[in-house]
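Here's the letter readout for the chains.
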Amino acid sequence: MPNLIEARSLTKLYGVVIGVNDVTLDLPPGVRGLLGPNGAGKSTFLKLITGQLRPTEGEVRVFGEVPWNNPGLFRRIGFCPEQDAFYDFLTGLEFVTALARMGGLPAGEARRRAEETLRRVGAADYMNRKIGGYSKGMRQRTKVAQALVHDPALFILDEPLTGTDPIGRHDLIELVKRLGAEGKSILISSHVLHEVQAMTEEFLLIYGGRVLASGNVHEIRGLMNEYPHRITLRCENGRALAHVLLRDLPVSGVELDEAAGTVAVHTRDPQGFYAGLPDVALRAGARIREVLSQDDNLDAVFRYLVTRD
Amino acid sequence: MATVAWLQLRQMLAGKKVWMLTIFLLLPAGLSALIAAAGEWRGGEEEELLKAIYLFMVYPQAVCLLLALLYGTSLLNAELEEKTITYLFTRPVPRWKVFLGKYAALVPWLAAPSLASLTGSWLLLGRPGGAALLGGMALAVLGSVAVYGAIFGLVGVVFRTRTLVIGVLYAVIFEFFLSFLPAVVSALSVTHYLRSVVLKVTDLEVPEEVLVIVGNASLLESAGVLGAIALAAVGLASFVCTRREYVVAEQL
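From first to last, the protein sequence lines stand for chains A and B.
When you line the first sequence up against the working numbering, it's residues -9 to 299, in that order.
When you line the second sequence up against the working numbering, it's residues 58 to 309, in that order.
One or more of the hints may lead you astray.
[As the list claims (entries may be wrong)] Okay, derived cross-link-like pairs now, DSSO-like style, lysine-lysine, Cα gap no bigger than 27 Å in a straight line: (1) A/Lys120 / B/Lys257; (2) B/Lys74 / B/Lys154; (3) A/Lys126 / B/Lys154; (4) B/Lys154 / B/Lys140.
Simulated from the structure, these hints should not be mistaken for lab results.
Note that the structure is a prediction, hence the values are computed from the model and not measured.
My request is simple: use the sequences and hints to build the entire structure.
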């Protein structure tokens, strides 16, 4: 099967700031998450594959074609940008119809497809109202509709769940799953693992402009579990708790701060730690008031993956 | 391209600048009413020439230029500021067509109300110079919005910041200062050819020594030069637009 996206030594610099750094990869068709913390280079990568930016060095190809200055390629790509930007003076239907027209559809067909797509994303009820009066969720659905209206083979979503309400999230996740089942290729960028995990099991990890790893969610989780998590417990009787924690749980180190009433724990098995914590706390007679997992974010995990390499 | 033009028209119609456009066009009409009411007008060639100079300086040289400056410099920059440029540049439409569509919307958007205001002023002033003067002024207004629109569109594409300052500098240096210098220097300005158009279409009596400064190019030459400037500016802007990366800053 030919690759969907191919990058060879792909580099993008903004002056001295690195956007994407020497990325070489072959992405086959399918649904895939592009995962990385904020500022990792996800949006730059997406801008390179949607022809909005020109590589400083190297090359990127989508469907075998160079995207920069290649408007014809956009018939096959639907891009849903991260920014909450719209022509607020248009109705949702006018907006999606206009972009369908720009996608090459004749006027009547563009309107019909726009209505159909807005219905599909659950935006039909308010499609005749001005976008300026939409809620964040309504805007997000309309933004997704404009990317889908010309029936692209590759659908790219940049941080699609940011700011959506629970129903909106659920609907969008279901939509992505349906499109994936229909055989569409989808690339979803996010900095939240569990959000993307709901849509796909295949991931690409990006950090500092570099692709760190790719694979399915189990492999990624495995990588993340190698990382020593730091968990802070705010509790009473911290000394006794620290003693039992070191003895009975998968803990590699403990820092006790009696003045602050905290015990900071280092563990490579956070799931095992959390599972055993209630019993241990009971045995130690320590009343835990708060559990803080400061490192339970991608940025920390990715930093670890970089230094580990 | 028609969709881009339609979007641009809707954008301009909904924009805050529409109030400025209204004021810019109502003010000269009001001023014309004031002049008509205040003066003791007896007719004659001198009076017609005076009124023609007034109409030219107000419309093609000032109002049209300022409106073209306001709207032209923001043709693409407004999309960048509103972050909507991504929608336009991720569609199967070449970027030069996006710019051309926007420019195609700009010209009638500025020309139609300018012509209406000009006609109003001309009527209020007692129809000086007859239909020929109105026709000449109308051509100059069309030329002004088309050429200045293209020039300021180019300024907006080439420069990302301070476009208004650069536009004002251009206007002051070329269209006001140089345009009143004699010999070839005056011919470096767009105003020179706009004035020539008015003079060639009308039968205004202008002394020979003044013609050197005001503009004495033939109608064909004026149309050719104005067309060439507009084409060159639009072409260059389209080229820059195609080659340049437009980045919404927080999306890196």
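Hint check:
The straight-line distance between the Cα atoms of A/Lys120 and B/Lys257 is roughly 49 Å, outside the 27 Å bound, and the hint therefore fails. At most 27 Å may separate the alpha-carbon atoms for a hinted pair to count; B/Lys74 and B/Lys154 meet this at roughly 24 Å. Between the alpha carbons of A/Lys126 and B/Lys154 the distance comes to roughly 32 Å, so the proposed pair goes past 27 Å and is violated. Annotation: proposed proximity of B/Lys154 to B/Lys140 holds, straight-line Cα distance about 19 Å (limit 27 Å).
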